[in-house]
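Chains as they are written, first to last, in the working numbering: chain Z, 117 to 316; chain E, 53 to 251; chain F, 61 to 194; chain D, 848 to 1266.
Quick caveat, the hints were computed from the structure, so don't treat them as lab data.
Just so you know, even glycine gets a beta-carbon here, dropped at the ideal spot from N, CA and C.
Treat each hint with caution, since some may be false.
Stated by the list, open to error - Quick partial rundown of chain D residues pointing at chain Z, CB under 7 Å, derived from the structure:
#1 Gln890
#2 Val897
#3 Gly917
#4 Phe1007
#5 Gly1022
#6 Leu1025
Said to hold, decoys possible - Taking lysine-lysine pairs in the DSSO-like style, the calculated list, with each CA pair at most 30 Å apart, reads:
#7 D:Lys960 with D:Lys1186
#8 E:Lys128 with Z:Lys290
#9 D:Lys1049 with D:Lys1107
#10 D:Lys1240 with D:Lys1107
#11 E:Lys128 with D:Lys960
#12 E:Lys242 with F:Lys104
#13 E:Lys193 with D:Lys960
#14 D:Lys1107 with D:Lys960
#15 F:Lys187 with F:Lys104
#16 E:Lys128 with D:Lys1049
#17 Z:Lys269 with F:Lys125
#18 D:Lys1240 with D:Lys960
#19 D:Lys1171 with D:Lys1193
#20 D:Lys1109 with E:Lys193
#21 Z:Lys290 with F:Lys104
#22 Z:Lys271 with Z:Lys131
#23 D:Lys1186 with D:Lys1171
#24 D:Lys1171 with D:Lys960
#25 D:Lys1107 with E:Lys128
#26 Z:Lys131 with Z:Lys268
#27 D:Lys1193 with E:Lys193
#28 D:Lys1240 with F:Lys125
#29 E:Lys128 with D:Lys1240
#30 Z:Lys268 with F:Lys104
#31 D:Lys1109 with D:Lys1171
#32 D:Lys1049 with D:Lys1186
#33 Z:Lys271 with F:Lys104
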Amino acid sequence: MTEIAAQSPNYLLAKFQNLVDWAVNSSRANSLWPMPFGTACCAIEFMATAASRYDFARFGMERQAFSPRQADVLICAGRLPFKLAPVIRRIYDQMPQPKWVISMGACASTGGIFDNYAMVQGIDTIVPVDVYVPGCPPRPEGLLYGVLLLHKKIKGESLFDAERRRDEQPLDDKGLRLSPAEIDEVSEPFGNSVHQFRSA
Amino acid sequence: MTSQIDLIPGRLREAVARDGETIVYVARERLLEAMTWLQQTPGQEYDYLVDVTAVEYRDRERAIEVVYFLRSLSRKTDLRVKVELQASDELTVDSVWGLWHGADWLEREVYDMFGIAFRGHPDLRRILMWETYAEGFPLRKDFPLRGRFSRAEQVRQALNANPEAHYSLDELSIADAWGDIPDDMRERLKRGERGTVPE
Amino acid sequence: MNYFTSAMQPYIPFLMLLGLAVVAGVTMIAGSHFLGPRRPTEVKDRPYESGMPPLGTAHERFSVKFYLVAMLFIVFDIETVFLIPWAAIYFGGGAGAQPGAVTMGFLLVEMLVFLAILFVGYVYVWKRGAFQWD
Amino acid sequence: MSTRTVELELATPGMDAQGQPTRVPLTASDLGGEHLLLNMGPQHPATHGVLRLVVELDGETVVRCIPHVGYLHSGFEKLGEYRHYNQIVPLTDRTDYLSPMANNVGMALAAEKLMGIEITPRCTVLRVIACEMSRIISHMVWLGTTSIDLGAFTPFLWAFQERERIYNLQEMWTGARLTTSLTRVGGLMADIPDPFVEGLRKFTDTFPNTLGEIDRVLTRNAVWAGRTQGIGVMTPAEAINYSLSGPMLRASGVPYDVRKDKPYLGYDTYDFDVPVGEHGDVYDRYLVRLEECHQANRILQQALARLPDGPINVDDPRVILPPKSRAMSDMEAMIFHFKQVMEGVKAPVGEAYVGIENPKGELGNYFVSDGTAKPVRWRIRPPSFINLSALPKMAEGHLLSDLVAINASVDIVMGEVDR
Chain Z
117 MTEIAAQSPN
127 YLLAKFQNLV
137 DWAVNSSRAN
147 SLWPMPFGTA
157 CCAIEFMATA
167 ASRYDFARFG
177 MERQAFSPRQ
187 ADVLICAGRL
197 PFKLAPVIRR
207 IYDQMPQPKW
217 VISMGACAST
227 GGIFDNYAMV
237 QGIDTIVPVD
247 VYVPGCPPRP
257 EGLLYGVLLL
267 HKKIKGESLF
277 DAERRRDEQP
287 LDDKGLRLSP
297 AEIDEVSEPF
307 GNSVHQFRSA
Chain E
53 MTSQIDLIPG
63 RLREAVARDG
73 ETIVYVARER
83 LLEAMTWLQQ
93 TPGQEYDYLV
103 DVTAVEYRDR
113 ERAIEVVYFL
123 RSLSRKTDLR
133 VKVELQASDE
143 LTVDSVWGLW
153 HGADWLEREV
163 YDMFGIAFRG
173 HPDLRRILMW
183 ETYAEGFPLR
193 KDFPLRGRFS
203 RAEQVRQALN
213 ANPEAHYSLD
223 ELSIADAWGD
233 IPDDMRERLK
243 RGERGTVPE
Chain F
61 MNYFTSAMQP
71 YIPFLMLLGL
81 AVVAGVTMIA
91 GSHFLGPRRP
101 TEVKDRPYES
111 GMPPLGTAHE
121 RFSVKFYLVA
131 MLFIVFDIET
141 VFLIPWAAIY
151 FGGGAGAQPG
161 AVTMGFLLVE
171 MLVFLAILFV
181 GYVYVWKRGA
191 FQWD
Chain D
848 MSTRTVELEL
858 ATPGMDAQGQ
868 PTRVPLTASD
878 LGGEHLLLNM
888 GPQHPATHGV
898 LRLVVELDGE
908 TVVRCIPHVG
918 YLHSGFEKLG
928 EYRHYNQIVP
938 LTDRTDYLSP
948 MANNVGMALA
958 AEKLMGIEIT
968 PRCTVLRVIA
978 CEMSRIISHM
988 VWLGTTSIDL
998 GAFTPFLWAF
1008 QERERIYNLQ
1018 EMWTGARLTT
1028 SLTRVGGLMA
1038 DIPDPFVEGL
1048 RKFTDTFPNT
1058 LGEIDRVLTR
1068 NAVWAGRTQG
1078 IGVMTPAEAI
1088 NYSLSGPMLR
1098 ASGVPYDVRK
1108 DKPYLGYDTY
1118 DFDVPVGEHG
1128 DVYDRYLVRL
1138 EECHQANRIL
1148 QQALARLPDG
1158 PINVDDPRVI
1168 LPPKSRAMSD
1178 MEAMIFHFKQ
1188 VMEGVKAPVG
1198 EAYVGIENPK
1208 GELGNYFVSD
1218 GTAKPVRWRI
1228 RPPSFINLSA
1238 LPKMAEGHLL
1248 SDLVAINASV
1258 DIVMGEVDR
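Let the sequences and hints guide you as you build the complete structure.
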């Protein structure tokens, strides 16, 4: 019995809520229709994952949805330049709830090796991300593991718990998803990659 | 065949690169004349334009070079034509689009990355960055690697551009001809605020 | 004569199937309409055009040849629909009809006349060039 | 019917020297329907990456096609100016990620020509193997995705099965399936492991069967021929004027191949022929690329036959790291090791351009150096970018579904188009 049972006064109501949650969540998790937002090299590994050898159709992602209207999970496979940022934001907004985001690859998650003027340093400054898949490009098994993590996350959600329900997260009044200080702090180069900026 | 080189109109000097290609420096004013001569005279027939690019050196006094890679498919020879532009004066060169249509996008990219304008180019707009990119010309040596604005400002500019900033003026005129432009966009276009990002 | 042995007998399974189909359809649509979460936002209602803000509407006037092809398709499609019950009877040896009311030859000629009429229409449309696309 | 004039006083970029709108909008005839401005935009299954085509449609006919690129611009050339030569190698296989090894080889050849380094015979043959394997996997991705665009799904699975077999070989050699970073200035990152030669031989024996199946399914297929013949034609003169290269140029009947006309890596000693089309339409590009896979297979077999023994790296300690064992014991090797890691390989002042025959066309790498270890300018001559610039010329006048076929036949990869 999850912690929901402790909140609701009535035992039978709790059991019913758990049953509905289990039914809804497992059906959602096992039939995720991916929206492949494939931009760069990770898109090729994404295609290899979709092809017959690794075949993520085994995990319920048989049908790829190329329009956000029928998509459940937005998989950003590849680096995201600033020119493409409004596109992914618009596509994310046009996906119906419940929707999730997998950030596939180092470039989507952190900007990767492209710490320069053209690249968004991690798509979480643009759209809320649920699962980050490391790797450049991540092996198909890595992406599948990311999908399984997402399944686990979906099975933990609940329709009746306001805090764990999927609600829209629009941009704030300044047109940003995070506060400017947070974006600057997240986009700073980390580790010792700072000396890469000497040009001679 | 190098004896032919000094017949090029507007030739200043020539050199040999480390990969054995001959380089010809041509005066900026007579570039188009030289290129037409190279393409059309029977002995030369440089009918294939391999690439157009620009080079800016780390020490500022050296001139910015616009480099044209030419190739004659029939004679299987290559030639590299360079035009030197002093960074101080105006960075404009004649466009070779009239001679080789392949130069269309190459020159637009050099304009986008270096700010070198090509006179006579049919549609000189930015091609790699979005048209209303305000931070400058990325491949110039004075342009910082991570861009001039802060990351938050770059994200804000990218996410909040006006809808018409995504379209070139060609497409806006097409849409306008079929009456597809909404009124608020028409007002902004009249005021010429295509690139400004609302606060 | 109770209901089951009356003339309606052959249609009961068909009606049950039809009812089942309607019930399934309605429950699915009504279920998702009432149970599904609805969180409209201003951007979500805008048309999706490959991630770009659309310019202009899609409700434009387009050329007449699209309607023409649709009409032609309907005409010749209904023709084949009429063929199906006829073929069932004809190749079933005239099973469904009352005995003695019709001979096989009459069935065949009847359908050939029907086809001939439509063939005249087909040739006319073909010569007028309605099938030319561009 | 409103004749199309520019009623807005719009700014000048679209104007030419005389102030006239350069591409004068057409005048709509009365009977025709209204034109529709449509975005085949960055996120579209048929644009092979984040290419955006703004298309003006009259019904189904493409009246004007205006491509927008730059949606994957990642500033490679700017990054190149902040990296040592050996640090640029990982950047190269992320430009054209469909044939990563060929890009590594291209960049290494340019750097070696700049520094005047002669590579060892074994390294030359191994680089030829790397280039031809890249050609096969690049054409396989093109074949798979183009057949999906035109409705045939099975060739995609066959093609990707072959790709997986080459991925196994690449992973065996370099440890990575896609981002191989194979070459170093003056040699390779590693020699080929023992099962590699056997695996490649088995691949080259069975690969023509898959090509034969794909050929049987597509070449004389009425739908495929109907959708691709006579579509997006480029005459030889136009192909040369638009600076097309690779299969696009050869399909238009211009027999120009960098491996034959400006041989590198000993390609003139291999026996292979260059397929050349006559009509220059989408069907001919398909035939040329299919035949190129056969020829690449032949080259691989010849390369396997002549693979010499010997070192893969040139033994100049200023360029190639000395082996770890000597670096720890011998003082001189340690100094070279330290200098190379801290300061990188220094290149003499000057410039060098090397163009190689990439699956997409002629991939050029142009280095300008001022004596330091980081290049002043690293220019990639992008074949897909230039081939794509001819798309409006090919596509205007055809139907929208033909635009999908033409865009697929140009075989673009956006990482290289936008650099």
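Each hint tested on the structure:
1. A cut of 7 Å between beta carbons decides the hint on Gln890 of chain D: the least distance to chain Z is about 6 Å, and the hint holds.
2. Residue-level restraint check for Val897 of chain D holds (minimum Cβ-Cβ distance to chain Z is 5 Å; threshold 7 Å).
3. At a threshold of 7 Å, the smallest CB-CB gap from Gly917 of chain D to chain Z is about 6 Å, leaving the interface hint in force.
4. At a threshold of 7 Å, the smallest CB-CB gap from Phe1007 of chain D to chain Z is about 4 Å, leaving the interface hint in force.
5. With 7 Å as the threshold, the beta carbon of Gly1022 of chain D stays out of range of chain Z, its nearest partner Cβ sitting at about 11 Å, so the hint is violated.
6. Using the Cβ-Cβ criterion of 7 Å, the hint placing Leu1025 of chain D at the interface with chain Z is satisfied: the shortest such distance is roughly 6 Å.
7. The suggested pairing of Lys960 of chain D with Lys1186 of chain D holds, with an alpha-carbon distance near 22 Å, which does not exceed 30 Å.
8. Of the pairs offered as hints, the one joining Lys128 of chain E and Lys290 of chain Z is violated, with about 58 Å between alpha carbons and a cut-off of 30 Å exceeded.
9. Between Lys1049 of chain D and Lys1107 of chain D the CA atoms are separated by roughly 28 Å; this keeps the pair inside 30 Å, and the hint holds.
10. At roughly 29 Å between alpha-carbon atoms, Lys1240 of chain D and Lys1107 of chain D fall within 30 Å of each other, so this suggested pair holds.
11. For the given pair, Lys128 of chain E sits about 20 Å from Lys960 of chain D by alpha-carbon distance, which is consistent with the 30 Å threshold.
12. Taking the CA atoms of Lys242 of chain E and Lys104 of chain F, the gap is near 28 Å; set against the 30 Å cutoff, the hint holds.
13. The hinted pair formed by Lys193 of chain E and Lys960 of chain D meets the criterion: a straight-line CA distance of about 25 Å does not exceed 30 Å.
14. Between the alpha carbons of Lys1107 of chain D and Lys960 of chain D the distance comes to roughly 19 Å, so the proposed pair stays at or under 30 Å and holds.
15. A distance of roughly 49 Å separates the Cα atoms of Lys187 of chain F and Lys104 of chain F; the hinted pair therefore is violated under the 30 Å criterion.
16. Proposed proximity of Lys128 of chain E and Lys1049 of chain D is contradicted: the alpha carbons are some 38 Å apart, above 30 Å.
17. A threshold of 30 Å between alpha carbons decides the hint, and for Lys269 of chain Z with Lys125 of chain F the separation of about 52 Å lies outside it, so the pair is violated.
18. A threshold of 30 Å between alpha carbons decides the hint, and for Lys1240 of chain D with Lys960 of chain D the separation of about 37 Å lies outside it, so the pair is violated.
19. At most 30 Å may separate the alpha-carbon atoms for a hinted pair to count; Lys1171 of chain D and Lys1193 of chain D meet this at roughly 21 Å.
20. Only pairs whose Cα atoms come within 30 Å are accepted, and Lys1109 of chain D paired with Lys193 of chain E is rejected, the gap being roughly 34 Å.
21. A hinted pair counts as satisfied when its Cα atoms are at most 30 Å apart, and Lys290 of chain Z with Lys104 of chain F qualifies at roughly 19 Å.
22. Straight-line distance between C-alpha atoms of Lys271 of chain Z and Lys131 of chain Z comes to about 16 Å, which keeps the hinted pair within the 30 Å bound.
23. Between Lys1186 of chain D and Lys1171 of chain D the CA atoms are separated by roughly 14 Å; this keeps the pair inside 30 Å, and the hint holds.
24. Restraint check for Lys1171 of chain D and Lys960 of chain D: satisfied, since their Cα atoms lie roughly 27 Å apart, inside the 30 Å limit.
25. A hinted pair counts as satisfied when its Cα atoms are at most 30 Å apart, and Lys1107 of chain D with Lys128 of chain E qualifies at roughly 11 Å.
26. For the proposed pair Lys131 of chain Z and Lys268 of chain Z, the alpha carbon gap of about 20 Å is at most 30 Å, so the pair holds.
27. Distance check on the hinted pair: Lys1193 of chain D and Lys193 of chain E sit about 20 Å apart at the alpha-carbon level, within 30 Å; holds.
28. For the given pair, Lys1240 of chain D sits about 26 Å from Lys125 of chain F by alpha-carbon distance, which is consistent with the 30 Å threshold.
29. Note on Lys128 of chain E and Lys1240 of chain D: the hinted pairing holds, with a Cα-Cα distance of about 27 Å set against a maximum of 30 Å.
30. Annotation: proposed proximity of Lys268 of chain Z to Lys104 of chain F holds, straight-line Cα distance about 28 Å (limit 30 Å).
31. For the proposed pair Lys1109 of chain D and Lys1171 of chain D, the alpha carbon gap of about 38 Å is over 30 Å, so the pair is violated.
32. A threshold of 30 Å between alpha carbons decides the hint, and for Lys1049 of chain D with Lys1186 of chain D the separation of about 43 Å lies outside it, so the pair is violated.
33. Distance restraint check for Lys271 of chain Z and Lys104 of chain F: the Cα-Cα separation of roughly 26 Å lies within the 30 Å cut-off, and the hinted pair is therefore satisfied.
Taken one by one, the earlier hints fail for this structure at numbers 5, 8, 15, 16, 17, 18, 20, 31 and 32, listed in ascending order.
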